[in-house]
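A.B. asks: Protein sequences, first through last, are from chains V and E. Using the working numbering, the letters of the first sequence correspond one by one to residues 1 to 442. Using the working numbering, the letters of the second sequence correspond one by one to residues 1001 to 1110.
Do not rely on the hints blindly, as some may be mistaken.
Stated by the list, open to error - Footprint (simulated), chain V over chain E, 3 or more residues, beta carbon under 8 Å: (1) 1053–1066; (2) 1086–1098.
What the hints assert, rightly or not - Chain E is faced by these chain V residues, among others (derived, beta-carbon under 8 Å): (3) CYS40; (4) THR282; (5) GLY285.
Unchecked claim - Computed footprint of chain E on chain V, listed as stretches where at least three residues anywhere in the stretch have a Cβ under 8 Å from a Cβ of chain E: (6) 229–241; (7) 334–342.
Think of the hints as simulated: they come from the structure by calculation, not from any bench. By construction, the Cβ of each residue, glycine as well, lies at the ideal position given by its N, Cα and C atoms.
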Amino acid sequence: MCRTSGVPEPAGTGGEPSTDAAFTALLEDSAEDLYESAPCGYLSTMMDGTIAKINSTLLDWLGLDRAEVVGRKRFPDLLTVGGKLYHETHFAPLLRMQGELRGIALEMRRAGGGRLPVLVSAVLKRGSEGEPLLTRITVFDASDRRAYEEELLRRRKEAERARAEADEARRQAEADRARLADALAVLQKSLVPDSLPVVPGLESAVHYHTAAPDQLGGDFYDLFPVAGDRWAFFLGDVCGKGPEAASLTSLTRYTLRAAAHHDPEPASALATLNAVLHERYTAGGDPRYCTCIFGIAEPGGPDGSVTVRIASGGHPSALVLRAGGGAEFLPTPGGLLVGVLPRAPIGSAETVLAPGDTMVLYTDGLTEARLGPGRDDLYGEDALRAFAAEQAPASPRELISALTELLRSFGDGLDDDTALLALGAPAAGGPARTSPVTKPAS
Amino acid sequence: MNALTISHRDTATGPAVRVAGDLDYDRAPELRRRIEELPLAAGQCLTLELSGLDFCDSSGITALLAARQHALAAGADVVLTGVPSNLMRVLTLVGLDRVFTLRPAAEAAS
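Could you build the full structure based on these sequences and the hints that come with them?
C.D. replies: Here it is, written out as structure tokens:
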């Protein structure tokens, strides 16, 4: 539009004449040169495939001389074996049928022995009667595209392999986790019994809470018969946590069980445990210890009472609820953590549980439960005694049930393992009952 | 949560280690390592100054017992000074108040 306006162009924009010259030069480029030097290969073949004409581009790609090709070779001769086969079975028949083909992937043979991936389009040139005269074929170098496709394929195979490996690893990890969970469950059973035995004339109930479901607890308890219609029981808490605590718990539990059969005197059993733990750990510079109450219960008193003798090594005092109401601690002064000294002082106490009386042993997860943000804001022994006094009189099962509710009310404040074991003389007229273990974490 | 800080100085009677902050499951091994590296001679006294201790769980108590064991093995004594009331309550509960020699916090020492 500027040029037809008649207004002279500003200096410096008069580029049109030279651009026109460039166009002209292009237009003057001969069709022959365009054919020979086109960025794709051209060839024409007779209907029997004999090559009648081929351009320089394709000859260069294949490394062939025109003289050895034109009139001497057929198009399939330029193809690889696979390409030949495809040509005979698909390419030629389809071309004859449809008159044209587009974008067929073939491989051509280079004179040097290499292969040239190509995309081939072909069209039939027909005579005035419609009879096919010759075939015109265009060949595009598809090396880059083939490399790209191969790269895509390789990446996909890699991704599939990586996914298969990840699936396998996940399956393996799940199997490992299941096996570990099984092993943990078996080990956990070695730390605390599945259920308490039914004891004539002695009612019992327990509650066991582990702070972390996948962690073996550091608290332990047991109830089992010893000679002479007597029953041994214990409840305690080992230092530390995790597998190390569990191994200590296991040693502790079986040492106490064996010691109780050898000498069921409560203080003797704890003295044996102390000697074993001290020799095994502390003496070697790796102090480990537990707090524990061990006791012997003799049910079958003349009026249905149960005589209980306990010994304690640094463990929170047992609490006794009386049938007539009220709750009091059963102190065992002078006891020390079990396993710290070669010969440990052990505190002892004795009481008689009249029908309807209940004694409860607990670990410090209960009394050390946090009620507030402060670290010293703990539930405490005074609050526990007041709570127990409100429950009295209560059977072991009723008391454990109430204490379990109390623990639940602590919510996140209950950050330690907690074990509760209650033993009682059945109230007059009531049958001895033993409740199953409640283990919410198992 | 308070970081555990452990500082150590030598006195006429032996090394004094000041332990402040939280002594719990994660940090107790650090105290055990520091104590075990302390050279102790027979007849010396290892003093653990605990007045700055904010928290001490059973792992912390284990570390104190390990310190005691380390001192006894060297023929040395061990003394806890300035034990905070919450730790004192636990030590008394488990009978350790009769195992450790306890002293009030020393006068502000340089």
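A.B. asks: For this structure, which hints from the list above don't hold up?
C.D. replies: 3
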